[in-house]
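Visitor: Read top to bottom, the protein sequences are chains A and B.
Sequential numbering from 193 applies to the first sequence in my numbering.
Sequential numbering from 193 applies to the second sequence in my numbering.
Source of the hints: derived by calculation from the structure; they are not laboratory data.
There's no promise every hint is true.
Same chains, same label: a pair holds when it works inside one copy or across any pair of copies.
Unchecked claim - Each computed EDC-like pair below joins lysine to aspartate or glutamate, with the alpha-carbon atoms no more than 16 Å apart:
| hint | residue 1 | residue 2 |
| --- | --- | --- |
| 1 | K253 | D271 |
| 2 | K547 | E222 |
| 3 | K226 | E243 |
| 4 | K226 | D552 |
| 5 | K253 | D195 |
| 6 | K253 | E571 |
| 7 | K547 | E243 |
| 8 | K409 | E348 |
| 9 | K516 | E243 |
| 10 | K588 | E491 |
| 11 | K207 | D518 |
| 12 | K564 | D552 |
The chain contents come next:
Number of protein chains: 2
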Amino acid sequence: MHDLTRQLQVKNDSKIVLLVADGLGGLPQEPGGKTELETANTPHLDALAREGVCGGSIPVKPGISPGSGPGHLGLFGYDPLEYLIGRGALEATGIGFKLEEGDVAIRCNFCTLDSDGNITDRRAGRIPTEESAPLAIKLREVSIPGVQVFVEPVKEHRFVVVFRGEGLGGNVADTDPQATGVPPLDPIATAEDSHKTVEIAKEFIKQARELLADQPKANCCTLRGVSPKPNPPSYEDVYGLRAAAIAVYPMYKGLAQLVGMDVIGQAQTLEEQMTVLEENWDKYDFFFIHFKYTDSTGEDGNFDAKVKKTAEVDTCVPRIMALKPDVFICTGDHSTPAMLASHSWHPVPTLLWAKHCRTDPCQNFGEAECLKGGLGQFEAKYLMPLALANAGRLGKFGA
Amino acid sequence: MHDLTRQLQVKNDSKIVLLVADGLGGLPQEPGGKTELETANTPHLDALAREGVCGGSIPVKPGISPGSGPGHLGLFGYDPLEYLIGRGALEATGIGFKLEEGDVAIRCNFCTLDSDGNITDRRAGRIPTEESAPLAIKLREVSIPGVQVFVEPVKEHRFVVVFRGEGLGGNVADTDPQATGVPPLDPIATAEDSHKTVEIAKEFIKQARELLADQPKANCCTLRGVSPKPNPPSYEDVYGLRAAAIAVYPMYKGLAQLVGMDVIGQAQTLEEQMTVLEENWDKYDFFFIHFKYTDSTGEDGNFDAKVKKTAEVDTCVPRIMALKPDVFICTGDHSTPAMLASHSWHPVPTLLWAKHCRTDPCQNFGEAECLKGGLGQFEAKYLMPLALANAGRLGKFGA
Numbered sequence: 193m194h195d196l197t198r199q200l201q202v203k204n205d206s207k208i209v210l211l212v213a214d215g216l217g218g219l220p221q222e223p224g225g226k227t228e229l230e231t232a233n234t235p236h237l238d239a240l241a242r243e244g245v246c247g248g249s250i251p252v253k254p255g256i257s258p259g260s261g262p263g264h265l266g267l268f269g270y271d272p273l274e275y276l277i278g279r280g281a282l283e284a285t286g287i288g289f290k291l292e293e294g295d296v297a298i299r300c301n302f303c304t305l306d307s308d309g310n311i312t313d314r315r316a317g318r319i320p321t322e323e324s325a326p327l328a329i330k331l332r333e334v335s336i337p338g339v340q341v342f343v344e345p346v347k348e349h350r351f352v353v354v355f356r357g358e359g360l361g362g363n364v365a366d367t368d369p370q371a372t373g374v375p376p377l378d379p380i381a382t383a384e385d386s387h388k389t390v391e392i393a394k395e396f397i398k399q400a401r402e403l404l405a406d407q408p409k410a411n412c413c414t415l416r417g418v419s420p421k422p423n424p425p426s427y428e429d430v431y432g433l434r435a436a437a438i439a440v441y442p443m444y445k446g447l448a449q450l451v452g453m454d455v456i457g458q459a460q461t462l463e464e465q466m467t468v469l470e471e472n473w474d475k476y477d478f479f480f481i482h483f484k485y486t487d488s489t490g491e492d493g494n495f496d497a498k499v500k501k502t503a504e505v506d507t508c509v510p511r512i513m514a515l516k517p518d519v520f521i522c523t524g525d526h527s528t529p530a531m532l533a534s535h536s537w538h539p540v541p542t543l544l545w546a547k548h549c550r551t552d553p554c555q556n557f558g559e560a561e562c563l564k565g566g567l568g569q570f571e572a573k574y575l576m577p578l579a580l581a582n583a584g585r586l587g588k589f590g591a
Numbered sequence: 193m194h195d196l197t198r199q200l201q202v203k204n205d206s207k208i209v210l211l212v213a214d215g216l217g218g219l220p221q222e223p224g225g226k227t228e229l230e231t232a233n234t235p236h237l238d239a240l241a242r243e244g245v246c247g248g249s250i251p252v253k254p255g256i257s258p259g260s261g262p263g264h265l266g267l268f269g270y271d272p273l274e275y276l277i278g279r280g281a282l283e284a285t286g287i288g289f290k291l292e293e294g295d296v297a298i299r300c301n302f303c304t305l306d307s308d309g310n311i312t313d314r315r316a317g318r319i320p321t322e323e324s325a326p327l328a329i330k331l332r333e334v335s336i337p338g339v340q341v342f343v344e345p346v347k348e349h350r351f352v353v354v355f356r357g358e359g360l361g362g363n364v365a366d367t368d369p370q371a372t373g374v375p376p377l378d379p380i381a382t383a384e385d386s387h388k389t390v391e392i393a394k395e396f397i398k399q400a401r402e403l404l405a406d407q408p409k410a411n412c413c414t415l416r417g418v419s420p421k422p423n424p425p426s427y428e429d430v431y432g433l434r435a436a437a438i439a440v441y442p443m444y445k446g447l448a449q450l451v452g453m454d455v456i457g458q459a460q461t462l463e464e465q466m467t468v469l470e471e472n473w474d475k476y477d478f479f480f481i482h483f484k485y486t487d488s489t490g491e492d493g494n495f496d497a498k499v500k501k502t503a504e505v506d507t508c509v510p511r512i513m514a515l516k517p518d519v520f521i522c523t524g525d526h527s528t529p530a531m532l533a534s535h536s537w538h539p540v541p542t543l544l545w546a547k548h549c550r551t552d553p554c555q556n557f558g559e560a561e562c563l564k565g566g567l568g569q570f571e572a573k574y575l576m577p578l579a580l581a582n583a584g585r586l587g588k589f590g591a
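Starting from the given sequences, assemble the full structure and let the hints guide the process.
Guide: Here is the structure:
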């Protein structure tokens, strides 16, 4: 598709807004009941559903529940099965660490070893962040010739390590044995390009054990999701769009940066995000606005809280529409039904509003109505081509 | 898919009719209004929609507006992203020039050069056809050893050149600099296989300038869309069908010939096309009938004229159905909403009628009803396998 959008892209003055309510799709609390979105008071989205075209977005493929990485890559128009983001790279992205070309990122866990070197606790007793963060910072004392080592605390037993240097492959197996009573596994290369990474990882673990030797809980660490910087082409390249991201959480800022969006503003609330949007309206062609709390309340299994947060999303719509975007889209990166308290595979209600979108019979924005929608059920990766077409930004394919 | 249809094809006496109303899909003139097809009086298609199964055909991929070439290849069951038709080959096809294996076709524009050899007009003052056609014919005097050169007038400043010979590649960059005040670009090979083509193109331009030297407007030409004959497998090969095309315009005859259809009759009207169909009913398994005017009225932005032409399509349906086809399909190669006055990306209303098609709730043939249709939204390239299946022409896949 990107070969096509590269070839067909047309520049004009149109504006596209992609409002992502994370984990938007849901499930009713009982058969025949209403979902979170259907329960929520969303008069503005309902009005746009009547004028626009709706459908169900399949984040990856039917039946596949995505994480935030593939969920957003899909919405951004990148095939999430082609552009893989390793766990280490996602964790680094999620804390705002700016990966450079050639970096290898690793998600690490503090763990507890006994005097025989066997793991007694794979998460170091779920050590609290206030104890683990200083230990992660202490690990910055690790020094390995020929390579820069970055260590960043994350939360509880988790931290991130990034190796920066020449010739580092990202094909190294996890060292967590997924069991106690045994020692951590040695790092092993799973491809020829990663022998150097393995040597550096071994040296890192050796020095870390020395630095942590006197710790009662976190006296060692395991390495997981060793991964290179993902390298998707940019929005400017594949769509010809100057794109901006207005997000509160580092993860979504990081994902947007990966595809070349500018992260703008310092907003902490949806209201503040709207102000950032208004202030930057003239500077960009495309705006990605991320709202986290529809997902986090769903993850908490709190139906009522998710309903409330969904209604909050609706309140920002008038400020967006007052700017007169040419294309407005509201969707989620996946469903997070409170009934499941987790990400799910269900298609995500999606609304596209534009002048020539060819409207459909949908009378409000919700899962059941979206089944009648003119977008049908489609893979998320096609949403961007549809947005571009509706913005008049794609020329004709072939004569 | 063609590996499958080749392997599973079954011969029988069934007949399939594919009626293509070019640019069939549309848009309402105002939100909530009816499209051209929904406005048109189409009692016969409506009746078949009640008995048949409907849906929305996506010509290429969501958001992509195709030209006639990819639009028809998709309907013929050829992935339009796999089988590309270069501009030169399409132009040659469009004027009825029968390309042979190994030919290289070029779309050329007459242009005007000043005494310094710089372009003053890229289209030779939009020279009228009655002046340009004799000049194109004069260029048949070009003689290049080892290669046959064909020159065919098209319209106004456009003509087609075909080189026929051994070892000619189609990878040559356009020579139109897309600007005035500069000379035409030299032909340059963009792949190793095309150096010979470049030499011949240079010689052609040299001789053409000599032949046109005394012309006030059209004293030179530029070369665009250099392309080899596209080579899709034939209908006989991939579907086991003896296929015929009944079209008025050379472009659609040419596209049908590319996939091995016989072009039959000399019909100039839809009524005459029906007569050709009746006269040849026993000789073929598959009939492609092309109606142009739903597209041309859409391109003109004339909603009412498109409504009228759509109703005209309906009038031919009784004569088709009187022949008792096993499968009847009515669709378009793309949408051409009068509101856009251009080809668009919107799914194309599609109706398939057959004995065992599993009907759906659609009560008439139109964009909104098709959203309820049993075919759902599908890529155009799957229409032919559906036609074959409904004709009993596809065996079981696997044991």
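Visitor: Okay, which hints does this one fail, numbers in order?
Guide: Structure breaks no hint.
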